[in-house]
Each structure stands twice: as C-alpha cells, then as structure tokens.
Amino acid sequence: MSLPPPTQTRRRGARGPVADPGRVAAMVAVAGLVLSLAASWATAQVDANSEHRLLEWQTKQAGSVLSTAVTLLEQPLATALSVQQVAGRARDDTAFTGFIAPYVGSGKSFLSASLWRRDGQAMTRLASVGAEPGLASDTAALQAFLQRAFQSATTVVEQVTTDSGALVAWARADPGTGYAVYAERAAPAGRRAAVASDSAYGSLHYAMYIGRQTAPDALFATDVDPATLPLDGDTSRVTIPFGDTGITLVTSPQHHLGSDLSRWLPLALLLGGVLLTALAAWTTRRLLQGRREAEQDAATITTLYEQVEELYGQQRELFVRLQRALLPQATPQMAGLEIASEYVAGAFGIDIGGDWYSFVALDDHRFAFVVGDVSGRGVDAVAVMAQARFTLRAYLLEGQGPATALERCSHQFDIVADGHMSTVVAGVGDARTGEVTLANAGHPVPLLLDGGVRPVHVPPGRPLGAGPSRYEETTLRMPPGSTLFCFTDGLVERRGEDIDTGLGRLAETLLRSADRPVADLVADAVAQLRGDAADAADDVVALAIRRVGAG
Amino acid sequence: MGMAEFVTAAGPPAAPVLAVSGDLDIAAVDDFLHRAGALLGAGVLEVDLGAVTFIDSTGLGALVQLRRQADAAGAQVRLTNVPARVGRLLELTGLTGLLTDGPEP
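Chains as they are written, first to last, in our numbering: chain A, 163 to 713; chain B, 262 to 366.
These are computed hints drawn from the structure, not numbers from a lab.
Please note that the accuracy of each hint is not assured.
Pairwise CB distance ranges, derived in the manner of DEER restraints [unchecked claim]:
#, chain 1, residue 1, chain 2, residue 2, range
1, B, G335, A, R678, 54 to 62 Å
2, B, E266, A, Q477, 30 to 38 Å
3, A, Y474, B, M264, 19 to 27 Å
4, B, D292, A, T553, 28 to 36 Å
Heads up, the beta-carbon is just placed ideally off N, CA and C, and yes, glycines get one too.
The whole structure should be built from the sequences, with the hints applied where relevant.
And the structure:
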C-alpha cells in the first residue's frame, strides 16, 4: 500500500507555461493574413498592368480603324474636287453633282454637299446636293471656314452647332482653280452612339472628341451618358489625324479585358489565404489547447496523488497515535526493578499491528505484566488488542494468577467472530523476592539474562481466540541483576528462516548487551534485529524487567 | 517465498484435499479461508501444507479459524505434510493439539 514518492511533483513550469493558445493563434492569423494580402496585392498589380496594356493595345487598334474610316469618308470629297477641276475647265458644273450625289442623303456619308468658287474674297455656291447646309444660315462663318480651306493644303474640319443639332463640317479647296467642296455630317443624336457588342471593341467605353483636346464642347460621340464624362478609371487615349486637326479617342474598359484567371487570381489568393490562415490558426489553437489540457490533467493527477499520499500519511499517523495511546504512557517505575520498553510500528502502509505490553503495580512490591500480539493488522486488530489488554489487566489487578487470567480471557475471544487471535505472555512477580510466575497463550517465551541467556520454559496454551483453553504456570526466581526479556515475534521472525534461527540471533544480541543499562539493552536489541530485516513489516514490542539491589 | 497458491483435488477416500503452497500470510488468508470453507460441506477436508514456505500469525489464525468453523459445522479438518518449520510454530503457539492429531499440552 505504500506509495512511491511522487517524483514528478514539482516539475510543473520547468519548461515554462504553455503560451496562451488564443494569442499564438492570433499571431498565426495575422502572419497568414499579411502574407495573403501581399500575394493578393502583387497579383492584382500584375493584373492591372496587364489590363492597361490590353486597353492601350485595343485603343491603338481602334485608332487605326477610325483613321481608315475617316480617310474613306473624306475620299469622295477629294475626288469630287478633282472631278470638278477637270470638268470646270469645260464649264460644266454638273460633274460635281453627279459624282457626289450617291454619298449624300439620310443614312449616307453626308447630309449635304455643296460646290463653291472663290471670287475675290467672296465665296459663291455653284451647286448643292442634299439638305440645305446647316452653316449656310451663318454666311460669315461659312465664308471664313471656306477661306480657311483655301489656305490649307489639306481638308479642314470643324464641329459646329446649329439649331438642328451638332454637325461636322468639311471643306476642301483648290487654290489653283478656285473651287471648294463643302460637306456636312450630323453628329449622333445626343452625341451618343453605342459600340456594337459583337465588335472587336465591344469591351470598351469610348469618348470621341474633334480636335486634340477633350473639352466637353469638343465631344463628338460617346457610348456613355455625356454628363458622366470624362471617362474615369483606367483610360487610354489616342489622337488620329482628321483634316487640319485630329480626332482624340479616349477609352476605358467596360469590363475585365484579360483572362478570367488573371482577373480572379487576386481574390482567389486572398480568399484561399484567409481560409488557410483561419485553418492554421484554428489548428494551432487546438494543438496548444490540447497540450495545455494534457499538462493541466497531469498537474491534477499529481495533485490528487499528493493528496492521497497525504491522506494515507495522516491516517497512518492517526492509527499509530491510537496504538501508542493504548500503550503505557510513561516508563513504569517500581522499587527494586529497572524497566524498559520499545514499541516500533511496522512499515506496512497504513495498516498497523496489534502488539502491546502492560506493566501494572499490584502493590508496592508486587507487579503484573503482559506482552501480547494480535494476529493480523488494521483498526480491528487494534480494537481486539485494546479489549485483550484491558480485560487481562482487570483480571490481574483483581489478583488472579496469570493462568487464570488467560483462561478466563480464552472464553471471551473467538477468532471466528473477531477475525483475530492474540498470543500473550502474562506474568505476576514480586520485586522483593524476585519470584515471577508466568503463563503463556501461544506466545514466544521470555528470555532470562543471568550471566548467560536462556528461554524460560512456559508451556504454551492456545492463543486467545482459538477456543477455551487451560494454561500452565511456571515460576522462576530472578537473581539480582538478572533481566527478563519479553518480546513479540516481529523481533525474531523472518521469511524463509526457522523461528529458532531468529531466537538464536536475539539471544546473541542480548548477550552482547547484557551489561548495559536496561534501556540500552532493549534499544540495541530492537535496532540490531530490526535493522537487518529486509521487510520490517511487523510491529515489535520488547519489554525488559531487570531486578536490581540485593535479594 | 512467493504468493500462495491453492490446488483442490479429491483425495482418498474421496475426501477433498486443499493443497497450499507458497506463503500462507496476511495476503493469502482471505483466499485460503474462502476456498477451504467451501470444501467443508464434504464432512472431511484435508489441508496439505507440504509446499508451504512461510506461515505468519495470520496464517496460523486462519488454520485456527478453519478448525473452529469445521467444529461448528460438524466437519473435520486434517492438516497433512506439515513442514517441520510450521510444526515448530504450532508447537510454540500451543496449537499442536488443536490443529493436528498430536497431544494437547
């Protein structure tokens, strides 16, 4: 039952307390989020660069297409002027009309086209096809525009606003012949014109301005609400030649231009990173918490162990105190005698044995004594011991001889009922005469030290509890200086050895200490015989009575 | 030395025999009394102590208790093959007469 010392007891905290799982998990989460954000940001940057390049490339393409379209649009005007130059020498003004007519009308290239000739500083209209020119109502402006054409080597262009809407006006002149061609084209209604969704540029928003500036009044057409211009976000711009000025095309992406992977990768990285981070943080927390719980469990077990150990210790201490309380409290005294005793509790867990001794003064020179041993261990054994001790003491105080006292007791104890039996040596003596009468209930017999050492032959009767029995008495006379040594079997009994071997060892030990004071004699015997016992499990009681003085 | 072991067999003439070996001590007595008590019904029980290596006061007490239980039940217990060491203890404790066929002191 003896528990080994809890060697792990106070190692708690030797490796330091486990870090707070929540805190470590939070650190993991922060690190993971930072990494995820960085990866996501870098990918987003790559995607943004790629988007911008795609936009610029598409815008450049659109500029080329527009440039071609403008050239194709303007070509009939130049051709018409050339035709008129040839026909003009023949005084035929109808050549112009015949050539340009297919290009003019609703849904055609131009709303109106007209032929003019310079006469000095004035411009005279020679012919006109299609609608009345919107700019004709403002003759001064038209005159100025045509004058500009004569000073330019190329076609001149201008955006004009009239009562009927916005127009683009072209004028091309040949200073050599004095002819000029003038044409107008309507801007889209409200300046809005959607890009066909199946076009190569269906993924772009655009705003087209006449000229090199992007001022609101220069706007020619856009696919968005003009009020929202200029285009925001990532934009690209290209300017293509247009007459004596240019067309500025500004674009922005309607939606993502590159691959979907490139578009979603930053988000995927961010979401994946956040998920992995959450998982890592959760796992970290679980692992740390598991470790912490395991350590707490270990600490709890250690604490319980210590508590159990302490309880065992307390219980054992209580029992030993109980048993000692049942032994004589002070060394008995009687004139003519030196008395010494030892009691040693067995090392047997919390169980204690039932060894005891008594010494009673019957009067000033007569005494009685008992050494007994209750078989077995535990509180029950101590209870039987107490009962036997006080019963025997009562009979001896009453004046009964040791045999009678034992015989009466033998009727009062029963191993079947008590679970224990007791071996007892009881004696009554006279300090003046040295006469001692002994009776024995199955107990190891006392030894008499008188120069030598010899067992006192006291024929054993049954132990108390083994049924009613009769006991024989033996009387001896202790010479002055002799010592009667009574003991329990714990002093001599060893496993794997004859009882006589133990008795012989005791006799030798006593002989060596025979001349020493009686207290030392007892102490030596107990120390030496218990000292070499490998398993000193049993209790030991030893009582020595030495007769002193002259007899 | 060693834990006690018990073997039960039918001995001649058909009386049960409880053979005890090892240490008949405080650790073994409960088991011993339980097994032996269960065999008392046959009227005669032979307890073979031939292989007992050690017996302490509780072991002796158990033999006494068995004997007294047998008396109460009208049964007989015989100890056989008692080792000298055990016989010497019986003698010292005044139990020879009670437990064996030897004379009462």
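Item to complete: Find the hints from earlier in the document that the structure breaks and name them by number, from lowest to highest.
Response: none
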